[in-house]
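With the hints as extra help, turn the sequences into a complete structure.
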Amino acid sequence: DIFRNNSLNYGLLPVVVSENFLGHLFKLIAKDPGTIVRIDLGQQIISLPETGESESFEINQYKKECLMKGLDDIEYLLSIRDLITAYELRNTLK
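Heads up: the sequence shown is residues 1 to 94, going by this note's numbering.
Bear in mind the hints are in silico, worked out from the structure with no lab data behind them. Be aware that one or more of the hints could be misleading.
Unchecked claim - Using C-beta positions, here's what the derived DEER-type ranges look like:
| # | residue 1 | residue 2 | range |
| --- | --- | --- | --- |
| 1 | N20 | A86 | 41 to 51 Å |
| 2 | N9 | D82 | 19 to 29 Å |
| 3 | L41 | I84 | 19 to 29 Å |
| 4 | Q61 | S18 | 20 to 30 Å |
| 5 | N91 | N5 | 24 to 34 Å |
| 6 | I80 | L13 | 16 to 26 Å |
| 7 | Y10 | R81 | 35 to 45 Å |
| 8 | Y10 | G42 | 14 to 24 Å |
| 9 | L22 | N91 | 25 to 35 Å |
| 10 | E19 | T85 | 44 to 54 Å |
| 11 | Q61 | R90 | 20 to 30 Å |
| 12 | E58 | I29 | 22 to 32 Å |
Quantities reported herein were computed from a predicted structural model and do not represent experimental measurements. The beta carbon of each residue, even a glycine, is placed where N, CA and C say it ideally should be.
Okay, here's the thing in structure tokens:
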């Protein structure tokens, strides 16, 4: 999905939730625009503290790691440069 990938590339987390959860979220926000929505990326859970509702969401593990470390694709590759170099050395010597 282009929107999802572009969002993740720009450091935005698109979260897919059930229609029921989304309906409750919209009702809460309509009543109080200051409604708190908590997103725990590590646990992959979105929650509404006011109602106690929560739902899990899916995310690609690579993109999750990048978001949690604040890295884009290039910065991620640079962060594992030593691993890449070691891999290349092992495979070119064979």
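Right, here's what the structure says about each hint:
1. N20 and A86 have their C-beta atoms about 48 Å apart, which keeps the hinted 41 to 51 Å range intact.
2. At roughly 24 Å, the beta carbons of N9 and D82 sit within the given window of 19 to 29 Å.
3. Here the CB-CB span from L41 to I84 is close to 26 Å, well matched to the stated 19 to 29 Å.
4. Between Q61 and S18 the CB atoms are about 22 Å apart, so this pair conforms to the stated range of 20 to 30 Å.
5. A hinted range of 24 to 34 Å holds for the C-beta pair N91 and N5, which are about 29 Å apart.
6. The given range of 16 to 26 Å is respected by I80 and L13, whose C-beta atoms sit roughly 22 Å from each other.
7. In this structure the hint that Y10 and R81 lie 35 to 45 Å apart at CB is violated, the actual value being about 24 Å.
8. Evaluation of the 14 to 24 Å hint for Y10 and G42 yields a pass: the beta carbon distance comes to about 20 Å.
9. Judged by the Cβ atoms, the range 25 to 35 Å given for L22 and N91 is violated: they are separated by roughly 47 Å.
10. With their beta carbons about 48 Å apart, E19 and T85 fall inside the hinted range of 44 to 54 Å.
11. Between Q61 and R90 the CB atoms are about 24 Å apart, so this pair conforms to the stated range of 20 to 30 Å.
12. The given range of 22 to 32 Å is respected by E58 and I29, whose C-beta atoms sit roughly 23 Å from each other.
Hints 7 and 9 from the earlier list are contradicted by this structure; the remaining hints agree with it.
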